[in-house]
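Q: If you want the building blocks of each chain, they are given just below.
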Amino acid sequence: MSEDYLWDPSAPVDPEVQRLEHLLGRLRSVPPAPSLPERVRWSSRLGRPAALLAAAAAVLLVVAIGWRGVHAPERMSPWQVTSLEGRPRVGLAAVVPETRFAVGQTLVTDSVSRARISAEAVGQIVVDPDSRVRLIATRDGHHRLALDRGTLHAFIVAPPGQFQIDTRSATAVDLGCAYTLHMADDGNGLLSVEAGWVGFEWHGRESFVPAGASCRTSPISGPGSPRYDDAGNDFKEALDEVDAAPASPGRERAFRLVLQRARRRDAVTLWHLLSRVQPSERDEVFKALAALVPPPAGVTHDLVARLDRTALDPWWDALGLGDASFWRRWERPLPSGPAPR
Amino acid sequence: MERTIQLTLAPGVLTDRAAPSAGLTERLRAAAGGDHEAFGQLYADYVRMVHAILLARVPSCDVDDLVQDVFLTAFRRLGSLRDPAAFGGWLAAIARNRATDYLRRSRREVNLPRALPGGQQIESDTLDALDALRKLPDAYRETLSMRLVEGMSGADIAERTGMTPASVRVNLHRGMKLLRELLGWNDHE
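Those protein sequences? They're chains A and B, same order as listed. Counting along the first sequence from 1, when you hit position 151 you're at 151 in our numbering, and nothing is skipped either side. Counting along the second sequence from 1, when you hit position 77 you're at 77 in our numbering, and nothing is skipped either side.
Check each hint, because a few of them may be wrong.
Here are the computed distance ranges between Cβ atoms for each label pair [as the list claims (entries may be wrong)]:
| id | chain 1 | residue 1 | chain 2 | residue 2 | range |
| --- | --- | --- | --- | --- | --- |
| 1 | B | Ala-85 | A | Ala-195 | 53 to 59 angstroms |
| 2 | B | Thr-25 | A | Gly-232 | 32 to 38 angstroms |
| 3 | A | Pro-78 | B | Arg-77 | 42 to 48 angstroms |
| 4 | B | Ser-124 | A | Val-112 | 19 to 25 angstroms |
| 5 | B | Glu-123 | A | Ala-247 | 36 to 42 angstroms |
Counterexamples of contact, computed for chain B against chain A with all Cβ distances above 10 angstroms [as the list claims (entries may be wrong)]:
| id | residue |
| --- | --- |
| 6 | Ala-93 |
| 7 | Thr-100 |
| 8 | Gly-154 |
| 9 | Leu-178 |
| 10 | Glu-181 |
FYI, nobody ran anything at the bench for these hints, they're computed from the structure. For glycine and all other residues, C-beta sits at the position ideal for the given N, C-alpha and C.
Chain B extracted, bound-state conformation (with noise of 0.2 angstroms):
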């Protein structure tokens, strides 16, 4: 049996949404019917928001198969979703969700591992960069794993996540200070 996702909106998210694209409305609508280009075509919309969300919160080797599993169960959920416009938001509480579920199933430790998927050796510096950044306040990590890791403008973030851009703005330099006090980077400000 399937379990509820509860719908958790991360601290900034407005309610006075945008309205949503025609476009999106009709991928939305094609792929809840089971048309699966209309879903694909949603993948890869959003698959760096999914990313960064999974990628601030799980070790890294796992968060491919865990982007699977969002959109996997999103795809077998669409016919919930009411409202066209909270599709981001709503994808977004997915990934959160699954990331908590792994986190309270995984027996292993979830120290940063030093690899990807692939066997690919992440560097220390990098290493160091990502745990900082997971010990941000989750609006923060989750906005600045969007903009710092995926490489996706201010605009796009809010654009992909429902967040009115005042938020997205406030998440980027609020996170992005933390981060340089956690990393030592006190000079500048």
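Bound-form chain A, shown alone (with noise of 0.2 angstroms):
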């Protein structure tokens, strides 16, 4: 036995090492990083000057938790954890009834569990089997899940813009909803939106996907265009490999099928590629739009060429499916998600 390789992986193998690396290396596996809890730490032997700080900060927030304590009532989690099916866990806990949801946990049901996870003013979400969750913050106006993998269905009453869920390759974004989420493993997902609108988003690319659509994404490229779920598969197939694949030899191919395919509803397709082309390609998806629905008076081809704001908003506008101005208000910077693996 060569125990340089035992000690150092790029010494000459030892065949019996490797083969027990071959067979455990099986049981390798990084978990997604815990979500923190959102505070700052009162104090620390790691650092004077901050302990100093912190003392301070202590006495104020003593009597902060004294005001608050006569005046407000102690806030805790609005999120609850019901069992539907099997036995779904809250960390390591068995849920049982009005198990409740904290910031850090983490939902896990098994290939046989179901679970419902529900705040009354935000809405519920049903996760189904083999399916991981986690809560991230809660706060007024503010509620944040991660799906690390599996598949849940959102039903959301909250305000647009107020409930977000993070993945590995995009973070959904409610704008008054219902939709149904999956992530596997690899990072791959997609999202199909029952009613109302979803935004996708991912390092600002975003997607803005209407009731009856659908939006892949993927963690080398992000939110997909939407398409509507009645499409040909012939478009469907094809919008995925130029959303995937920028450069592979059928991508030619595939993009002129997108552009002759289109239906007069997968307008909302091709404004969503205007900004995903190559500039070469800009044009051609100007026309096979401006062919399905005409730019507004103002909306001119240098402007759409330039991904002018002002030209592409009125655009939107005019494919009926509302005001760009409803999503463009709930847009905003997201915070930071886990990055691309």
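Given two chains presented individually in distinct reference frames, assemble the corresponding complex, making use of the accompanying hints.
A: Rendered as structure tokens:
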């Protein structure tokens, strides 16, 4: 046996150790980092200056707590978990009736269990088998979950923009809606909207997905272009290729097929493509979209070629899907999520 | 009320730790002040060590959740860490305590489950190897888990755990010898 290889994996291979590496390496796993509570430490032996400041802050904190104790009820997570089937877990504990779901906790369903997460003022989320969901933040006007893997169905009653779900490759921002979100272990996902709208965002790449439409996401390229579920399979497959593989051999053909097969209602897809294709292709998308929905007065080819919002927004308004200001109003810099893997 | 962590060092850990890098000290200070990004870097640096320690003790399907628990506990208690150089050993102690706590509270069988989180099936030869690994003394199974499961080098293991390189080398060598015997691979040596 080579002791060097046991010490240093870059040394000449020892077949016996390598065999064990092969067997046991299958168990290697890097779970997602936990959601940390949003707070500031009040003391630290690692930093004296910070400790002095913390002492002063602690005095203020005690006063503040006393004030709140008199004037406000204790704040607790409004989220509860209910078992719908099998034995879902929060952390390592089985869900019992009215299990509270606190920030930092994880809900896990196995292959035969389902659960419902609910908060009266926000809505409810049904979590399918083989899923893992974390509560990242919850406070007035801001509620945030993370779907690490699996499938959930969200029915949200909170005002638009207040409820978000992070995944490994996109953040779903509720704009008043019901939707299903699936996330595979490899970070690829699918959002399907049943009612209302969902914004799908990743590092500045945004998709606005209306009811009846779906949108894929990948850890490499982020959210794809939304497409209506009743579009032809050839259209949807070609769109997947355009979204996912800008340099693939079949992309040119797929790009042409998307432009040719787009129906009037697929204008929403072409509108998204305007900002995603190469500048050299933008002219063709402009023409195809103009053939379906003529650009309003003042929306010129030059402005669209520069992706000027003063041209893109009015053209969106002309699609008949509502006013762009609706989602621009809720659009804001999203807190940074996990990095793509 | 939070339980007090008992800082028990694994066999083989010597006290002449190397000085911590300036980067580690800085990250610990920032994380203790609530800096999530700094703590995220600590997580990235130490997650394999914690995963290995837990996998050597508890069912694989629960290891990921326990890893998160361990880091959350560490985040909450980081202010009590006096010596940055002790961070690896301190974190390892939290992981061992969390595994012990899990085994004490769990009413489930702790036989090895046949599936990983996400439902992926574990092959029987992998189960046999893990079963044998878990029968080794603590110091050997942890060190070998870091090397054989996580792919860490001996130097990485020493740096993360705070053990001396000599202790890691001994643990690897003696652990491997015992593991071969348990697996019936006696034709080498």
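Q: For every hint, state whether the structure bears it out.
A: The hints, checked one at a time:
{"no.": "1", "hint": "B:Ala-85 to A:Ala-195: 53 to 59 angstroms", "in the structure": "56 angstroms, holds"}
{"no.": "2", "hint": "B:Thr-25 to A:Gly-232: 32 to 38 angstroms", "in the structure": "60 angstroms, violated"}
{"no.": "3", "hint": "A:Pro-78 to B:Arg-77: 42 to 48 angstroms", "in the structure": "28 angstroms, violated"}
{"no.": "4", "hint": "B:Ser-124 to A:Val-112: 19 to 25 angstroms", "in the structure": "23 angstroms, holds"}
{"no.": "5", "hint": "B:Glu-123 to A:Ala-247: 36 to 42 angstroms", "in the structure": "37 angstroms, holds"}
{"no.": "6", "hint": "Ala-93", "in the structure": "17 angstroms, holds"}
{"no.": "7", "hint": "Thr-100", "in the structure": "14 angstroms, holds"}
{"no.": "8", "hint": "Gly-154", "in the structure": "4 angstroms, violated"}
{"no.": "9", "hint": "Leu-178", "in the structure": "13 angstroms, holds"}
{"no.": "10", "hint": "Glu-181", "in the structure": "13 angstroms, holds"}
When each numbered hint is compared with the structure, violations occur for hints 2, 3, 8.
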